[in-house]
Amino acid sequence: DAKTTQPPSMDCAEGRAANLPCNHSTISGNEYVYWYRQIHSQGPQYIIHGLKNNETNEMASLIITEDRKSSTLILPHATLRDTAVYYCIVSDYKLSFGAGTTVTVRA
Amino acid sequence: KAGVTQTPRYLIKTRGQQVTLSCSPISGHRSVSWYQQTPGQGLQFLFEYFSETQRNKGNFPGRFSGRQFSNSRSEMNVSTLELGDSALYLCASSGLAGGMIADTQYFGPGTRLTVL
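If you read the protein sequences in the order shown, they are chains A and B. Per our numbering, residue 1 is the first one in the first sequence, and the count goes up by one each step. Per our numbering, residue 108 is the first one in the second sequence, and the count goes up by one each step.
Warning: the hint list may mix true and false statements.
So, partial list: chain A residues that the calculated Cβ filter (under 10 Å) puts toward chain B [said to hold, decoys possible]:
(1) ASN23
(2) TYR36
(3) GLN42
(4) GLY43
(5) PRO44
(6) GLN45
(7) HIS49
(8) ASN53
(9) LEU95
(10) GLY98
Calculated from the structure, these hints are not laboratory results. Here a beta-carbon is modelled for each residue, glycine too, at the ideal position from N, C-alpha and C.
Put together the whole structure using the sequences plus the hints.
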């Protein structure tokens, strides 16, 4: 069973930042937070992951609260190509995908 | 570096038949995981192989099986196909040993299986 809670959908204006929340209140100390996205009918694509500290890469930033019970994925300048289902995953040996958040970027 | 490749990309079978799907991981990756994606159940973990050994298994019936070869390529087999097996089957590879803390997994494009 998925250990995370995400809003089912959200809209974002092109060029604006998209902030995707995720709750993972039962996360354990050695579990990482991973974010993947899936564009329609393609395989999921890795975005970013973190343990305690905030992380940034060329795609996004990940902000993890101090108590690690929630996190936010930030897409700094959303484009139409960022329209996808975004999955927040708390990892153990396998990735347990929930329903994710369907993000629609509008022109 | 080439990504994860899966063959075939599309497959149509009839009930009762069996099917074999193939996955070639990213060069140097030794862990291969398989997932099933359906509209009703979402993405579900099937099993994971590392060094030709199944390390972890999801909650699927015995009709679903897999294997991994010495070159890390993996196959999964579904016997006695049912209509409900129609799905996108995804393979993912990672560089660390399975069964330990999860490593970043890189997914292939999937095989779309339709059972008639």
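Results of checking the hints against the structure:
no.	hint	verdict
1	ASN23	violated, 18 Å
2	TYR36	holds, 8 Å
3	GLN42	holds, 6 Å
4	GLY43	holds, 3 Å
5	PRO44	holds, 5 Å
6	GLN45	holds, 7 Å
7	HIS49	holds, 7 Å
8	ASN53	violated, 16 Å
9	LEU95	holds, 6 Å
10	GLY98	holds, 7 Å
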